[in-house]
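Undergrad: Next come the chains, spelled out residue by residue.
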Amino acid sequence: MILVHLETRGGEIAAQGFELLAVARQLATLRGLSVVAVVLGPLLPDARASLGAADRLIEADHPALVAFTPEAHARALAAIAANQGAAVILIAHTSQGMDLGPWLSARLGLALAAPCRSVTAGDEGIEIVVGLYGGRLVLRAAVPWAAILSCSPGAGDEAAGRLPGIPPTEQADVTEALDGLRSAVQSLESPDSDAVDLTRAERILCVGRGIGSADEMPKFAALAAALGAELAGSRPVIDAGWLPKARQVGKSGTRVAPKLYLAFGVSGAPEHLEGMSRADLIVAINTDPLAPIFGAAHLGAVSDVLALVSELTRLARRVPN
Amino acid sequence: MAMRIAVILRPVAHPGDDLSFNDDGTALDMEWTDVKANEFDEQASEEAILLADATGAEVVAVALGVEGADRMLRTALARGASRAVRVAWDGQYAPDSATAAPILAEAVRKLDVDLLLVGVQAADDATGPLTGRLAALLDWPWAGSVAGVEIVEGKVLARQEYAGGHAAWLSLSVPAVLGIHSASQPIRYVSGSRMGAAMKMQIDAMTSVETAPSTTVRPLSLAPRDVQGRAAMVEGTPEAMALQLRDLLTARGLWPA
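In order, the protein sequences belong to chains H and E.
Residues 0 to 320 in numbering that gives the first Met the number 0 are what the first sequence lists, from first letter to last.
Residues 0 to 256 in numbering that gives the first Met the number 0 are what the second sequence lists, from first letter to last.
You may find that some hints are simply not true.
Stated by the list, open to error - Quick list of in silico lysine-lysine cross-link-like pairs, DSBU-like style, CA-CA up to 30 Å: (1) H:LYS244 with E:LYS35; (2) E:LYS35 with E:LYS154; (3) H:LYS258 with H:LYS218; (4) H:LYS244 with E:LYS154.
Read the hints as simulated data drawn from the structure, not as lab findings.
For reference, chain H alone in the conformation it holds in the complex (with noise of 0.2 Å):
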C-alpha cells in the first residue's frame, strides 16, 4: 500500500497533499495497491470532505501532534507506516517533509528521493526526476517500490487528488511511539503584519545574488520606484541583509502573484520559482544563459544586469513628450 503524509494548517490539509494523492493514485492503480492518507494532529470536520483519492484515512490525535515538532510527527509516521506496512510513502518536500524523510529513510530502511519534481511507475522501479544544483540540472533516477519519494509543488495534479468523498476512517493509537519525546513547541511566530505584503503587489521587482553586491541595491531600489513596483529579493540576498525578510520570495518567504514580475541576477532555485511562477508575466535578467529562471519566465534576456538597469531606469524616468 501506498501511505500518503497530509500536511495541515490550522485543522484545514494543505494543498500540496491533494497533489499527493493524485501521484499516489496513479501509482496505485497501476500496482493493484490501496492509498492510504494520514492526518497527524486535529482536523476540523468539514477537512475530510475532499479525500475520495483515498481508499482509507488514518489520523491520529495526541497533544503533541498538535503542533508540528520533528520528533514527535516522525515517529508517529514510523508507527503508523510500520503498523499498515507501507511499501511506498510519499510526503512534501516542506520544511516538515525535509525533516521527516530522512528519518524515516534510515529507521524504516527505506530509500528517500528528494525533492521529486516528477513520480512514475516504469520498468526500473519508481522513476523520478530531481531537479539538482538549483534546478540547473534534471536528473532522472530509479528507486525501488519500497521508497519515501519527498515531492516539490506541482508533482500532482491537484485537482485529480482533491476528489469529493470521506474515505473509511480510523484512528490509530500512536501513544506509545509518543513516550519520551526530548523536544516540543516553545512558540508559534505568524507572518508581521506590519511589514511589507508582497502578495499584494501588482509589480514586483526581485533582485537576486547575481546583482553582485548591497552596493547595487539602490540602482534597483530606483528602477522598483520609477515603475511603481515593490523590491524584494531572492533567499541568498535576504541571508546577506541586503533586504530585509518581509521582503523575501520563495519558499521560505513569501509565494506571490502579481501581474508583473522582474528578476534581476535572480538564477532561480527551486526554491524561489515556487515563489513566483504564478506571476502573470515573469522577466528574467540574467548573464547566464542557463539560468533556470529563464525556464519559467516569459520574456528573458542575457546581459550584464547592471547595464541592463541602468537603461531602463533611463528610459522609465523620461518625461514622455
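Using the hints, position chain E against chain H.
TA: Relative to chain H, chain E alone:
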C-alpha cells in the same frame, strides 16, 4: 561546562557553463567540474561560531576527506572554530547523504558532541537532507529549516521556518541535531591574515567505519534543464534590449505612462 558544537562541512559540485558528463550520462564528470563549499554548510558554520561567541562553546569542524574539504575546514578555523577533523573517506568526492550519514554519525559519537549543526540541504544530493538521517542514527532530537538558534539553561532553542512567513521556536534537549538554513547574522568576512594563520593550523585525522555506498536512488540520466523552452528572449546591446522590454511592457500596460 561549555558545550561542544560540531559542524559538518561538505564540498558540493559546482557545474559551470561548460557542463561535462560521465560516459553513460548519469553524473557530472568531476574531472572537469569545480567543487565549492555547500552554501548551507557555510551558514551552519557561521551559526556555530556565533553560538561560541555568545556562550563560550567549543566548535569542532568535521568533514569527510574529499576534494575541497581541507579548504572548508581551514576556513572554519579562520572564522573561529577551535578544532578541525578530517574523517577518512576512500572516494575523491563527497558521497550522497544516505552514504555519508553512517560514517559521520560514528565520527560525531567519538567527538562527544552536545550540538551538531549541518547545512539544511546540499545542491547535488537526491537522497534528502543529512539532518534527519544523523538524528535517526544518533537517536537525538532534531530540527531542519532553522534560522535562529539560542542556548538557554542547557537547552537548545531553534527557530524553524515554514512557508508563508510562519515559524516556530522549538525547544530541544541536548544532544541534538539542527539543519541550518540561515545563520542569525550574515557570514563574517575572513581576512587574508586569518586565513593565512589557519593554513598553518593542524587538521586532525580520524579513521572511519566501513560502509557500503547507498545505491537506492539509481541515476538513469543527468542533463541540463531545458531553460530556453518558454522565455521569449530579447537580444542586442543593453540599450536595445531595454527599448524592447519597454515596448513589450508598455503593450501590456505595465510601463509607466
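Undergrad: With reference to the structure, classify each hint as holding or not holding.
TA: Right, here's what the structure says about each hint:
no.	hint	result
1	H:LYS244 with E:LYS35	holds (26 Å)
2	E:LYS35 with E:LYS154	violated (33 Å)
3	H:LYS258 with H:LYS218	holds (22 Å)
4	H:LYS244 with E:LYS154	holds (27 Å)
When held up to the earlier numbered hints, the structure conflicts with hint 2 and nothing else.
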